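S.K.: If you want the building blocks of each chain, they are given just below.
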Amino acid sequence: MKRYAAVLGAAVLIACGESQPAADQAAQEMTSPPAWVGSVARVANAIERTPAAADSILAANDMTRAAFDSLMYEVAADPALTAAYEALRTK
Amino acid sequence: MRTSILVLLTFLLPVPVVAQEPAEQASDILYSILLPRTSQILRESGVPDEEVQSVIAEARRRRVPAQETQQVLEQTLESVREHGPVDNFGAFVQTQLAAGLRGRDLAAAIHAEHARRGIGKGKKLASKKARGARQGERGLSRDEPEPQDEPARGQGRERRPPQAGDQPATRPDSAVRERRPTGRDTVRGRRDTLPRQSGGRR
Numbered sequence: 001m002k003r004y005a006a007v008l009g010a011a012v013l014i015a016c017g018e019s020q021p022a023a024d025q026a027a028q029e030m031t032s033p034p035a036w037v038g039s040v041a042r043v044a045n046a047i048e049r050t051p052a053a054a055d056s057i058l059a060a061n062d063m064t065r066a067a068f069d070s071l072m073y074e075v076a077a078d079p080a081l082t083a084a085y086e087a088l089r090t091k
Numbered sequence: 001m002r003t004s005i006l007v008l009l010t011f012l013l014p015v016p017v018v019a020q021e022p023a024e025q026a027s028d029i030l031y032s033i034l035l036p037r038t039s040q041i042l043r044e045s046g047v048p049d050e051e052v053q054s055v056i057a058e059a060r061r062r063r064v065p066a067q068e069t070q071q072v073l074e075q076t077l078e079s080v081r082e083h084g085p086v087d088n089f090g091a092f093v094q095t096q097l098a099a100g101l102r103g104r105d106l107a108a109a110i111h112a113e114h115a116r117r118g119i120g121k122g123k124k125l126a127s128k129k130a131r132g133a134r135q136g137e138r139g140l141s142r143d144e145p146e147p148q149d150e151p152a153r154g155q156g157r158e159r160r161p162p163q164a165g166d167q168p169a170t171r172p173d174s175a176v177r178e179r180r181p182t183g184r185d186t187v188r189g190r191r192d193t194l195p196r197q198s199g200g201r202r
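In order, the protein sequences belong to chains A and B. Numbering-wise, the first sequence is residues 1 to 91 according to the working numbering. Numbering-wise, the second sequence is residues 1 to 202 according to the working numbering.
Calculated directly from the structure, the hints in this document are not laboratory data. These numbers were taken from a predicted model, which means no experiment stands behind them. Here a beta-carbon is modelled for each residue, glycine too, at the ideal position from N, C-alpha and C. Among the hints, erroneous ones may be present.
What the hints assert, rightly or not - Footprint (simulated), chain B over chain A, 3 or more residues, beta carbon under 8 Å: (1) 44-53; (2) 56-70.
Claimed, not checked - To give an idea of the interface, some chain A residues facing chain B are shown, with a C-beta separation under 7 Å as derived from the structure: (3) V75; (4) A76; (5) A77; (6) Y85; (7) E86.
Model the full assembly from the supplied sequences, consistent with the hints where possible.
M.R.: Now the structure itself:
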């Protein structure tokens, strides 16, 4: 009986040890914003620096104004994405 | 004779809409850039997240340009600061958007609603989830009157439909174009008076 308990305990320990990195990775995925938010923030920064060149900046990033608007709505609707976007925006 | 008729017809033909000037287009996109920040400040000012989300979703669904939504939210923020948030803000804006209000007309309707039903400066509305949980804790049913610490709720729940006399159903094209952002104008220009952005570097 003691042997079974020891084996069971070891199995639990191994399982916990293995699941820790997976949990960390999942947490990181949850906290790190999608890559497109970074792209949008970079485009926004560039446009803010030279508003007159907005269209060429959008074109260089394969975006139209409508697409940019849509991404702005996407970011604005989500507080986490908004925080990530604002963190990436220049002062 | 034929030539003169042709010339006359040329003048009578509908004039194509004059293309927006590049400077105007540039300032429009500067407004769009500020939409996430304004929506966040609105949340921090006491408007529940789901209300902000519903306004954004509805504006997006109705293909309202982002710069226009930004300006409406910005003016909403001023109204919230002046009168406090209102309950069911999202539903109110949805109704107004459905009625065809846009731009300054929509902002004016929102301002009037805040003046009429705002719960006061510095107060916050609980989100629907929190409200439900609180009711559960206190054992309140939905039909029971709500506690006195939230004065606006329960009064004026009926929404005044837009009336032809006070708000036009459509806006002129020039609406919301009077104030132009200049670089870091608008919300960011008033940073000192705004709540701090959580997690931001600015």
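S.K.: Which numbered hints are broken by the structure, listed smallest first?
M.R.: Nothing - there is no hint that the structure violates, so all of them hold.
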